[in-house]
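Colleague: Each chain, written out:
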Amino acid sequence: MGEVQKGLFSVIEKLKGTTEQELRIVLLGLDNAGKTTLLKQLASEDVNTITPTQGFNIKSVTCDSMKLNVWDIGGQRKIRPFWKKYLANTDLLIYVIDSADKKRFEETGLELSDLTDEENLRGVPLLIFANKQDLATASPASEIAEGLNLHTYRDREWQIQACSAVSGEGVQDGMNWISNNIVNKKK
Amino acid sequence: MAEDSEWVPESVAGFLGSPDWLIPLADFMENHCSVFDDEDENKLSYTEVHQQYKHLVERLLENYMQEVGISEQQFLRACSSFTGSKDLQAVFQPVLATDDFPMFRSLMVQKNMELQLQALHVIKERNGGLPECLTDGVDVMNELEQQEMKILQEVLQRSKQEYDLEMMALGRQEREDQASTSSSLSDAPLGNSCETHTAGDSGTRQTNTTNGSVTEAAELKIKPAQSAASGQAEALPAVRPPLSAEHTSPERPRDDCRPLADEEALQQRSEYLKQQRDKLQARKRDQTPKSPADTPPAAPEPKASAQEMSEEKKRLQKRKHLAEKLREEVIRK
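Residue numbers (my numbering), protein chains in the order written: chain A, 1 to 187; chain B, 1001 to 1333.
The set of hints was computed from the structure by calculation and includes no laboratory data. Among these hints, one or two may not hold up.
BS3-like cross-link-like pairs, simulated, lysine-lysine; straight-line CA separation at most 25 Å [stated by the list, open to error]:
id : chain 1 : residue 1 : chain 2 : residue 2
1  : B       : LYS1325   : A       : LYS59
2  : A       : LYS78     : B       : LYS1043
3  : B       : LYS1054   : A       : LYS84
4  : B       : LYS1314   : A       : LYS67
5  : B       : LYS1086   : A       : LYS67
Start from the sequences, fold in the hints, and give me the full structure.
Modeller: Take a look at the structure:
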């Protein structure tokens, strides 16, 4: 069965007639972290009319002639058990943290470590966005990195990027990291 | 391997166009498409359906390959050979959809819309039209509101005309004779005010009873009339509902044709209003047969039978409601 799928996938790419490669990116994080805002910012869409995600959103972004299919899945507690259904064949995990929500740093850390233990995400590069830096109460990215013990992650490439999804600040820096470390390595 | 190119692609293409493939897929889509709407956000259940779809396609393809006796490699090679042809690409779309969620989603949304349109078509054919709940609610509301506004404007206009007339008449009457019709006046409004009084109840409460008079026109007019000529009970004859002329005019010695003209206008107006009202009601009731009340009898019969009176009451209530609205309108102005 798996064989057929993989085989089909290569055929499908040929059938589509596209020369560009595709990357599957999963965008996760607690509820209200700013995942959908980030997704819309990436797709250059309006970020002012966003409501809590009950299901999931998909956007395709082109980066260095590679098509990035970004899957943003709702982060509410009751939805989180569904995350693992979306992890297969993932090329990059983007994890979004509300830098001003100190009360839930522990919770978000636990969710992240659960994710990195997932079989489907083994070795998958990790980009963390320390979001909401526009808020005065936001913790700096370095502090969050320390709290998450990111320096202990040896099994994958990782990066933490301060950003404000609402203003777009720092988002492009994260994309540049993706471009340099994942897209160009895949080519 | 040379013989592969002879028959395998043809067989694969044949299978992808055969009922063995198309019918199970169509069944699946019809059974599962109902949750797929065209909202921007995807529901979690879409993923579940997509998984089931993948399994179905895999099973169908495996069965086919086993039956025909070709290997996966042969199958894939055949698929690759389709890349050139647009037609075959379309045939291949259901296979592509297994790995392309957006494509799968759009197929399902499309199927859902098709089914909805079909259903609407069937309903139309059966009933000769769509029930109102299936037409665009907003549009219907707008239409109704527009209709209502039209009526209100019409009524306001007429009311103003009548008010002007009345004021003119008032001036004339004041000049002519001050207390001529007070007794006859009391009859008509009383008869019409179905709330508490019966005709001839009292001859001393002209202003009160006219206030109680229920036709929207009367209510409307009383306001300006009262404020303009407060305390002048005799200034209110124009308020009298239609048909009261029958009773009052003989008693009236004057040759004044004004009340008659007024009554006629009132009658016209109430008839018109009732018609509009009934039309609205009929629309709301959605194609149910029109009520007998639809045939517009001349405005309220003051001396109607008891049975008619109850019917009258209902109608008057409707008008009262309209009058409320009108009053708001007037006050706002």
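Colleague: Does each hint fit the structure? Answer for all of them.
Modeller: So, going through the hints one by one against the coordinates:
1. B:LYS1325 with A:LYS59: violated (51 Å)
2. A:LYS78 with B:LYS1043: With a Cα-Cα distance of about 14 Å, the restraint between LYS78 of chain A and LYS1043 of chain B holds, given a limit of 25 Å.
3. B:LYS1054 with A:LYS84: holds (18 Å)
4. B:LYS1314 with A:LYS67: Violated, because 69 Å separates the two Cα atoms, which is more than 25 Å.
5. B:LYS1086 with A:LYS67: holds (23 Å)
The structure does not agree with the numbered hints 1 and 4 stated previously, though it agrees with the rest.
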